[in-house]
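**Q** Spelled out from the first residue to the last, the chains are:
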Amino acid sequence: MDNFWPIVIEAAIKSVFIIFVLATGFAYMTFAERRVAALLQTRLGPNRVGPFGLLQPLADAIKLIFKEELIPGGADKVIFLLAPVITVIPALVILAVVPWGPTAPIHCCQVTIPGLNITLGGAYFTIQSGLGLADVNVGLLYILSVASIAVYGVVLAGWSSDNKYAMLGGIRSSAQMVSYELALGLSVVGPIMLAQSMSMVDIVNAQSRVWFVVYQPVGALIFYLATLAEVNRAPFDMPEAEQELTAGYHTEYSGMKFSLFFMAEYIKMIGVSAIFATLFLGGWRGPMAEQVPLLGMAYFFAKIAASLFFMIWLRSTHPRLRYDRLMALGWKVLLPLALANVVVTAAALIDTTLFAIVVGALVLIGVVALAAYAWRRRASAGGRAAVAQSPAT
Amino acid sequence: MSLANIAAGSSPPRDQAGVLDELRGRFGDDAGTVQPTGDGIPTLWVSPDSLQQVMRYLKTEIERPYRMLFDLTAIDERLRANRQGQPDSDFTVVYHLLSFERNADLRLKVGLKGDYPSLPTMTDLWPAANWYEREVWDMFGLTFDGHPRLKRILLPPTWQGHPLRKEHPARATEMGPFQLPEDKEAREQEALLFHPEEWGLKRHGDDEDFMFLNLGPQHPGTHGVLRIVLQLDGEEIVDAVPDIGYHHRGAEKMGERQSWHTYIPYTDRVDYLGGVMNNLAYLLSVEKLAGIEVPDRAQVIRIMLAEFFRIASHLVWYGTFAQDVGALSPVFYMFTDRERVFSVIEAVCGARMHPNWFRIGGVVEDLPNGWQTLVADFIKYFPPRLAEYDKLVMQNAILKARTQGIGGCSLDQAVEWGLTGPNLRACGFEWDFRKKRPYSGYDQFEFDIPTAQGGDCYGRAVVRVEEMRQSLRIIEQCLKNMPPGPYKSDHPLATPPRKERTMHDIETLITHFLGVAWGPVIPPGEALVSIEATKGINGYYLVSDGSTWPYRVRIRTPSFPHLQVIALLSRGFMIPDLLAILGSLDYVLADVDR
Numbered sequence: 001m002d003n004f005w006p007i008v009i010e011a012a013i014k015s016v017f018i019i020f021v022l023a024t025g026f027a028y029m030t031f032a033e034r035r036v037a038a039l040l041q042t043r044l045g046p047n048r049v050g051p052f053g054l055l056q057p058l059a060d061a062i063k064l065i066f067k068e069e070l071i072p073g074g075a076d077k078v079i080f081l082l083a084p085v086i087t088v089i090p091a092l093v094i095l096a097v098v099p100w101g102p103t104a105p106i107h108c109c110q111v112t113i114p115g116l117n118i119t120l121g122g123a124y125f126t127i128q129s130g131l132g133l134a135d136v137n138v139g140l141l142y143i144l145s146v147a148s149i150a151v152y153g154v155v156l157a158g159w160s161s162d163n164k165y166a167m168l169g170g171i172r173s174s175a176q177m178v179s180y181e182l183a184l185g186l187s188v189v190g191p192i193m194l195a196q197s198m199s200m201v202d203i204v205n206a207q208s209r210v211w212f213v214v215y216q217p218v219g220a221l222i223f224y225l226a227t228l229a230e231v232n233r234a235p236f237d238m239p240e241a242e243q244e245l246t247a248g249y250h251t252e253y254s255g256m257k258f259s260l261f262f263m264a265e266y267i268k269m270i271g272v273s274a275i276f277a278t279l280f281l282g283g284w285r286g287p288m289a290e291q292v293p294l295l296g297m298a299y300f301f302a303k304i305a306a307s308l309f310f311m312i313w314l315r316s317t318h319p320r321l322r323y324d325r326l327m328a329l330g331w332k333v334l335l336p337l338a339l340a341n342v343v344v345t346a347a348a349l350i351d352t353t354l355f356a357i358v359v360g361a362l363v364l365i366g367v368v369a370l371a372a373y374a375w376r377r378r379a380s381a382g383g384r385a386a387v388a389q390s391p392a393t
Numbered sequence: 001m002s003l004a005n006i007a008a009g010s011s012p013p014r015d016q017a018g019v020l021d022e023l024r025g026r027f028g029d030d031a032g033t034v035q036p037t038g039d040g041i042p043t044l045w046v047s048p049d050s051l052q053q054v055m056r057y058l059k060t061e062i063e064r065p066y067r068m069l070f071d072l073t074a075i076d077e078r079l080r081a082n083r084q085g086q087p088d089s090d091f092t093v094v095y096h097l098l099s100f101e102r103n104a105d106l107r108l109k110v111g112l113k114g115d116y117p118s119l120p121t122m123t124d125l126w127p128a129a130n131w132y133e134r135e136v137w138d139m140f141g142l143t144f145d146g147h148p149r150l151k152r153i154l155l156p157p158t159w160q161g162h163p164l165r166k167e168h169p170a171r172a173t174e175m176g177p178f179q180l181p182e183d184k185e186a187r188e189q190e191a192l193l194f195h196p197e198e199w200g201l202k203r204h205g206d207d208e209d210f211m212f213l214n215l216g217p218q219h220p221g222t223h224g225v226l227r228i229v230l231q232l233d234g235e236e237i238v239d240a241v242p243d244i245g246y247h248h249r250g251a252e253k254m255g256e257r258q259s260w261h262t263y264i265p266y267t268d269r270v271d272y273l274g275g276v277m278n279n280l281a282y283l284l285s286v287e288k289l290a291g292i293e294v295p296d297r298a299q300v301i302r303i304m305l306a307e308f309f310r311i312a313s314h315l316v317w318y319g320t321f322a323q324d325v326g327a328l329s330p331v332f333y334m335f336t337d338r339e340r341v342f343s344v345i346e347a348v349c350g351a352r353m354h355p356n357w358f359r360i361g362g363v364v365e366d367l368p369n370g371w372q373t374l375v376a377d378f379i380k381y382f383p384p385r386l387a388e389y390d391k392l393v394m395q396n397a398i399l400k401a402r403t404q405g406i407g408g409c410s411l412d413q414a415v416e417w418g419l420t421g422p423n424l425r426a427c428g429f430e431w432d433f434r435k436k437r438p439y440s441g442y443d444q445f446e447f448d449i450p451t452a453q454g455g456d457c458y459g460r461a462v463v464r465v466e467e468m469r470q471s472l473r474i475i476e477q478c479l480k481n482m483p484p485g486p487y488k489s490d491h492p493l494a495t496p497p498r499k500e501r502t503m504h505d506i507e508t509l510i511t512h513f514l515g516v517a518w519g520p521v522i523p524p525g526e527a528l529v530s531i532e533a534t535k536g537i538n539g540y541y542l543v544s545d546g547s548t549w550p551y552r553v554r555i556r557t558p559s560f561p562h563l564q565v566i567a568l569l570s571r572g573f574m575i576p577d578l579l580a581i582l583g584s585l586d587y588v589l590a591d592v593d594r
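Chains A and B are the protein sequences, given in the same order. When we follow the working numbering, the leftmost residue of the first sequence carries the number 1, and every step to the right adds one. When we follow the working numbering, the leftmost residue of the second sequence carries the number 1, and every step to the right adds one.
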């Protein structure tokens, strides 16, 4: 039990740091989204508060704190209050297992806590510590399981609001998140097999020579699309589709409760970007990163920022998919593709000949499936044309 | 001849009056009496008993039938002077029919006696008659026997009286102070409760319970105060009932207390995206009544501005349509371009959305110096932008998936329900009044009428996008061939009269004084002139009894039937599709409710 307190304190300090980074990141993510979208839309965006509008998130926070908190009369109050909390906590803890940089020397000094009679370490000392909260050997499993908790928050918010728009949003998101979790889960199997480990630290270390996105382009694409659906980002922002459902599951929320949902969405964006960078873009790896740990962190943040920018860009460019087509995409395209990807990866890891055979077989299956699909589509299109020509009703 | 042949071939010769002989041949003297009118539309008074027979004959049996119920309205005749030998009646219900094969209109009138008379419904013959008859009931208190759901449509269900009756006050100050005693408040509250049965909706199906969703009147996707009551099975739309009237301002009633001249700015606000296009429809009717010939230069100025407004209106539609299917950026680009259009319009008219620029007999002023540069700049600026939007919006795979095959209707259905404009042309039917009945000198211009196949959301979009290019062509021809000459007619009824000679002879001075102080006195008669407005065919049916103000102003707007068809288009689709359909129909609620 000697080193119990040092570990707890180290973890606490790191946790505070991560939450601080995420909370600030969330605030400036909203700012970045508005400014970047404005740039893409020939507008200015918020530029009044502070230099370049940099204090805008602060102003927003103050505004939201002082807003009236409304609870609809017919709402289930306990669940209504609980839902934003359930949504935001998984978003905050999901990054616990992601390494932020290489192992780095951390300089400490002795601290004595009066009354407890505990002494931490010597006078001055240095410990080697990974730049990350925890290196769990089932890190990826942890991420998948924590991520799937978030759906409860959205569903409960939609259900407890006593509002049909909110309920439709909640139903849509439960179906969407559950469906896309399958493709998401299968798309990360590739990196796991390549790294022979579920630990995020090991996965990053396995990419010391080549990023996994090179070996796993399909997996990376599926992962990215599925995470977009998981965090309800355009073009998969069905649950809160403004033009259809006014604001979806958070229609009835106001003030800080609303901002918690907002916070969860943006923090999850940062989170999935970090995971994407870790799994496929080499995490913190980059030139000179091992020698200068802070540089590794900078690389990591740069990769996250690139992914976030891409999300904003996508949102500004594309319309929204229709809900049933989104489900079709998840179940009929992404899931089979992810399965095939797993099979191909496994074959490639075992033997080159096997790899060739599997790829050949899959291509054959794919061609047959596509042909059958095209044939059915043409048949149904003909049927539709016939309906259109039917006499007036 | 079928409609498709008209679309493909040249336009058939106009045959307005032939139908009267055919009717007399079929019905003999029962056909009714013919009334001469100034606008050349054959007008026939039919008795209420033979109405349905005549209508059925005209729609289904006659060769080259009258397929479209273009308009249905009524006139309160009780105070009308100068009836010019028309049959006696207290109320007259007026049906305007449109035949594509003949390229002709037909006006049927039914004279009714009594305070609250009734007549048979036309809803079994034309589904589009449903809303029109409800409006007549709402406004005049005339009952249509056999109507499936004769309820108020534009006014709230608790409204007392029927506003377009002459005894109903036109101003709030004539109505006495507003009071809300408790029992009235309770009645109003009661009227707000939702009972599906009253909307013709079912609560339960064979093996499912339906959910009712109240979309609007405050909803980001409805483009204004429109309410749609949805009967849902999951997210699938089983039935949709639009509820309109939230934007009703009584534009037709206002017409009855404005002079012919001072009513012009009110028309601007009817289709508030169409600007001068509304002025044009109204003024063409007035000019037809007054017999005014508009000089060439004024006509070309009118056409140029009208086409600018067509582009401005279509740009608003383009952006909001993209936004309705979830694309966030295009609307900003299109509004930026609309500002360009407005900067030209502003330079000419001094106003942007509501220019109030056309006058009886011409336009307010000549074009400003340097207008050519502005117009030429825009002509150069706009086509590359359109090309870029094609890539961004029209060729976007997600947008195509969201709109192709969604909310389609057949050509027959479109005609049946009274669709006009781009929504009709999207069904592959080339019907545009600018070509078929060139008004204001459109026959002097070279342009094409775009059409699309399938009549779905994407088809409607394709038509509008191409129409912007064609409008630009027309504007370019206006720029190159602007004729010299006066910008206003020197007809004595042109208002305000041309001022040059007022200080030289007393006749002109007096005319000027009267025309400005009282407004022009338009000769008695009635006229309907329809134009191809931004959203479809817009027509003003004006009745004058020889006074300084209209006796009756009827505004036939394209958006009204376009909204009525929502249920037909959206049944079986999902909520997101409904939003795409609403976006693609391109309506303006002020244009629906007037």
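Hints were generated in silico from the structure; no laboratory data involved. Where hints are given, some of them may not hold.
Listed next, the in silico DSSO-like pairs over lysine-lysine satisfying Cα-Cα at most 30 Å (straight line) [what the hints assert, rightly or not]: (1) Lys253/B with Lys113/B; (2) Lys164/A with Lys166/B; (3) Lys166/B with Lys113/B; (4) Lys202/B with Lys166/B; (5) Lys164/A with Lys151/B; (6) Lys436/B with Lys499/B; (7) Lys77/A with Lys14/A; (8) Lys391/B with Lys332/A; (9) Lys164/A with Lys14/A; (10) Lys164/A with Lys436/B; (11) Lys380/B with Lys391/B; (12) Lys400/B with Lys380/B; (13) Lys253/B with Lys166/B; (14) Lys380/B with Lys480/B; (15) Lys499/B with Lys332/A.
**Q** Failing hints, ascending?
**A** The structure breaks hints 2, 4, 6, 7, 9, 10 and 15; every other hint is satisfied.
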